[in-house]
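With the sequences and hints as input, model every part of the structure.
Protein chains: 2
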Amino acid sequence: MSQTNKVRLGIIGMGNMGSSHLRFYLEDELPEITVTAVADIDPERLEWAKEECPLILTFESADALINSGEVDAVIIATPHYFHPEIAIKAMKAGIHVMCEKPAGVYTKQVKEMNEVAKNSNTVFAIMFNQRTNCLYKKAHELVNSGEFGELKRVNWIITDWFRTQRYYDSGGWRATWSGEGGGVLLNQCPHNLDLWQWICGMPVKIFAVCHEGKWHDIEVEDDVMIYAEYENGATGSFVTTTGDFPGTNRLEITLDRAKLICENGTLTVNELEKNTTEFSKNSSQGFGRIKYKTYEAELDGENPQHTGVLNAFAAAVLRGEPLIAKGEEGINGLTISNAAFLSSWLGKTIDIPFDDELFYNELQKKIENSDIKKNVVSSVQEDMSSTY
Amino acid sequence: MSQTNKVRLGIIGMGNMGSSHLRFYLEDELPEITVTAVADIDPERLEWAKEECPLILTFESADALINSGEVDAVIIATPHYFHPEIAIKAMKAGIHVMCEKPAGVYTKQVKEMNEVAKNSNTVFAIMFNQRTNCLYKKAHELVNSGEFGELKRVNWIITDWFRTQRYYDSGGWRATWSGEGGGVLLNQCPHNLDLWQWICGMPVKIFAVCHEGKWHDIEVEDDVMIYAEYENGATGSFVTTTGDFPGTNRLEITLDRAKLICENGTLTVNELEKNTTEFSKNSSQGFGRIKYKTYEAELDGENPQHTGVLNAFAAAVLRGEPLIAKGEEGINGLTISNAAFLSSWLGKTIDIPFDDELFYNELQKKIENSDIKKNVVSSVQEDMSSTY
Numbered sequence: 002m003s004q005t006n007k008v009r010l011g012i013i014g015m016g017n018m019g020s021s022h023l024r025f026y027l028e029d030e031l032p033e034i035t036v037t038a039v040a041d042i043d044p045e046r047l048e049w050a051k052e053e054c055p056l057i058l059t060f061e062s063a064d065a066l067i068n069s070g071e072v073d074a075v076i077i078a079t080p081h082y083f084h085p086e087i088a089i090k091a092m093k094a095g096i097h098v099m100c101e102k103p104a105g106v107y108t109k110q111v112k113e114m115n116e117v118a119k120n121s122n123t124v125f126a127i128m129f130n131q132r133t134n135c136l137y138k139k140a141h142e143l144v145n146s147g148e149f150g151e152l153k154r155v156n157w158i159i160t161d162w163f164r165t166q167r168y169y170d171s172g173g174w175r176a177t178w179s180g181e182g183g184g185v186l187l188n189q190c191p192h193n194l195d196l197w198q199w200i201c202g203m204p205v206k207i208f209a210v211c212h213e214g215k216w217h218d219i220e221v222e223d224d225v226m227i228y229a230e231y232e233n234g235a236t237g238s239f240v241t242t243t244g245d246f247p248g249t250n251r252l253e254i255t256l257d258r259a260k261l262i263c264e265n266g267t268l269t270v271n272e273l274e275k276n277t278t279e280f281s282k283n284s285s286q287g288f289g290r291i292k293y294k295t296y297e298a299e300l301d302g303e304n305p306q307h308t309g310v311l312n313a314f315a316a317a318v319l320r321g322e323p324l325i326a327k328g329e330e331g332i333n334g335l336t337i338s339n340a341a342f343l344s345s346w347l348g349k350t351i352d353i354p355f356d357d358e359l360f361y362n363e364l365q366k367k368i369e370n371s372d373i374k375k376n377v378v379s380s381v382q383e384d385m386s387s388t389y
Numbered sequence: 002m003s004q005t006n007k008v009r010l011g012i013i014g015m016g017n018m019g020s021s022h023l024r025f026y027l028e029d030e031l032p033e034i035t036v037t038a039v040a041d042i043d044p045e046r047l048e049w050a051k052e053e054c055p056l057i058l059t060f061e062s063a064d065a066l067i068n069s070g071e072v073d074a075v076i077i078a079t080p081h082y083f084h085p086e087i088a089i090k091a092m093k094a095g096i097h098v099m100c101e102k103p104a105g106v107y108t109k110q111v112k113e114m115n116e117v118a119k120n121s122n123t124v125f126a127i128m129f130n131q132r133t134n135c136l137y138k139k140a141h142e143l144v145n146s147g148e149f150g151e152l153k154r155v156n157w158i159i160t161d162w163f164r165t166q167r168y169y170d171s172g173g174w175r176a177t178w179s180g181e182g183g184g185v186l187l188n189q190c191p192h193n194l195d196l197w198q199w200i201c202g203m204p205v206k207i208f209a210v211c212h213e214g215k216w217h218d219i220e221v222e223d224d225v226m227i228y229a230e231y232e233n234g235a236t237g238s239f240v241t242t243t244g245d246f247p248g249t250n251r252l253e254i255t256l257d258r259a260k261l262i263c264e265n266g267t268l269t270v271n272e273l274e275k276n277t278t279e280f281s282k283n284s285s286q287g288f289g290r291i292k293y294k295t296y297e298a299e300l301d302g303e304n305p306q307h308t309g310v311l312n313a314f315a316a317a318v319l320r321g322e323p324l325i326a327k328g329e330e331g332i333n334g335l336t337i338s339n340a341a342f343l344s345s346w347l348g349k350t351i352d353i354p355f356d357d358e359l360f361y362n363e364l365q366k367k368i369e370n371s372d373i374k375k376n377v378v379s380s381v382q383e384d385m386s387s388t389y
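Keeping their order, the protein sequence lines are chains A and B. The opening residue of the first sequence carries number 2 in this note's numbering; numbering runs sequentially from there. The opening residue of the second sequence carries number 2 in this note's numbering; numbering runs sequentially from there.
In short, the hints are calculated from the structure, not lab data. Do not rely on the hints blindly, as some may be mistaken.
Where chains are identical, the list cannot tell them apart; a pair therefore holds if satisfied intra-copy or between any two copies.
Listed below are the simulated BS3-like cross-link pairs for lysine-lysine, each with C-alpha atoms no more than 27 Å apart in a straight line [claimed, not checked]:
| hint | residue 1 | residue 2 |
| --- | --- | --- |
| 1 | LYS206 | LYS109 |
| 2 | LYS292 | LYS215 |
| 3 | LYS112 | LYS206 |
| 4 | LYS109 | LYS119 |
| 5 | LYS215 | LYS349 |
| 6 | LYS366 | LYS349 |
| 7 | LYS367 | LYS275 |
In structure tokens:
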């Protein structure tokens, strides 16, 4: 730990997200963090960082940064495939880790990362910044308090991830099996998949149809429908795409004694006087109705996003305070997306846990046939502030 | 035709719906129809009809009514399995037919009915009264005008069909494979399935999970998720149940240049300045946005429901005016529900058209294992006015 009692943070990967994290620091939003170092394989990105922050140390590899002795913690903001590999190296070197989402591309690799985390004394966190959104925090709280009974159904239409062809052309690795390992489920939806499992729990069965290159000239999926089943028999649907505009973000959760709807920044609660299951069993009327009241849940209005997650991470490193999301939980959303791919590729329903090796092998086939785009426009740094 | 230039109508089946139709007549809502006869196998129901309408003729069988010479047309409101059989008899006897929904239980049987209709000179209609709802009429018009481009996606959450156990116990044939041939898809959803195909066209592929007896002590499905694919690649999801309260009825349709949402009696239009597909291809911004305006579609406020369908039927018989829904179109929604059953029973995606014989054989297996409920409370006539 540095003498000033701040966490000395290294940022690995100076792409879109890594640059954003550096900006949060430069804008004084991270009171307990000093960004001491950055690493990237692209010298231009290091130069950019140096211009923004002249005192910063720059490294041409993650290894060099991790072993520099200049950082207590790292944030990993590289392409997805490298997340577990770098996290493992850092944790083995006693460096705390904040991993960008997704945790990795395939569960087999992420399990190894989680195994190392279990046996290390470092803090391991993942950037699920959407968990800081008071809307989802409240939904998580209401569902998990149990006050409204068991989950019956969840439908999430999350189609407000519109991207143009230009977006996909902004990097040769983008939207390829070899470079990114997936499309909307791996790049845009990790937050939604995490929130889904955070609020409703993990499903035990997945059927999905992932349409690859449907709305864009890309290899990976840009249109997905997932059907899920839970241990208690509850069901879920999840619809996403980067092809629709204006999209929808409507999360509807039916519990035995309430229906919740998250949409347009509000959480509407329909609270029943009685449990549906009991009423249905005992009513003397075929078309019975249960009395209920409809109201907006009170939200605390907070939504600190990335800086909230980073500040909680620093507090965890410095004082053992709780994280927003433990690194080990990154595997949950990834398990759903891997299962969705597997279901779509094999055309059948997948039980969770599924065979990690089978998924890995199927992914390799995709990678072997992957065709990293040759004619791409030069890498662009777009404003990512609204894209998390 | 009777001398007063009204259609002499016979109602076959004096259950819930048949009784409602008689009431429409008694309440003077059918100016060009005279209900001259009713048929039911239950003498008590015939007695009830006689009390309500002393001049009415009563018959103990559909055959006797059809061959009585006292009717120009019939409305078939028997249990589902009998619809095609009775319709065929009536049309062969030169009697016009209004068939209650669903057209039948399995497409093989309905195809025979449609074949007879093709070769007959009678008017053949089906009671898709929801097509008269100005909300869906407008959605049909907007989608089919083509002004907003091609269909991309449709999501219908239609879970406001809550029924208690008491409802299912109200008749021994109810919610059994042998008596009714299906649950929520056959009894509650035929309207929604018809509207779905009427507005969006017929899918070419169906995957579905139909949960049988999930929320009630019944044999048939009361919880369903359908995934659909269209010829142009568009996709759809359809979620329904009789187990949720308060349910949802939210139909979202994404076109290339608009998103429509039917909910709470309004049709919200998000109209884009440009087609999404073209914009996505040509935009110079990765996170481009298309300008759009949001407004409520103007509706004519009309919603004549059953009486609208019956009066159009009379006008078709008397003057050849257009029907609300041609009888032959009944097979479309049924094709979707049959495909959904088949998909769920076989655990795989079903191409449309599917093998009618295969479905019929699978249905027979269900019927063979069917267990008509022994201990049911006596048949009740509930107010059906809000149930279509």
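Hints and how they fare:
1. LYS206 - LYS109: within (18 Å within a copy, 33 Å between copies)
2. LYS292 - LYS215: Between copies only: 23 Å across chains, 45 Å inside a chain, cut-off 27 Å.
3. LYS112 - LYS206: Answer is within; shortest intra-copy Cα gap is 20 Å, inter-copy 36 Å.
4. LYS109 - LYS119: within (16 Å within a copy, 60 Å between copies)
5. LYS215 - LYS349: both (21 Å within a copy, 22 Å between copies)
6. LYS366 - LYS349: both (18 Å within a copy, 23 Å between copies)
7. LYS367 - LYS275: Classified as neither; 50 Å inside a copy, 34 Å across copies.
Hint 7 from the earlier list is the only one contradicted by this structure; the remaining hints agree with it.
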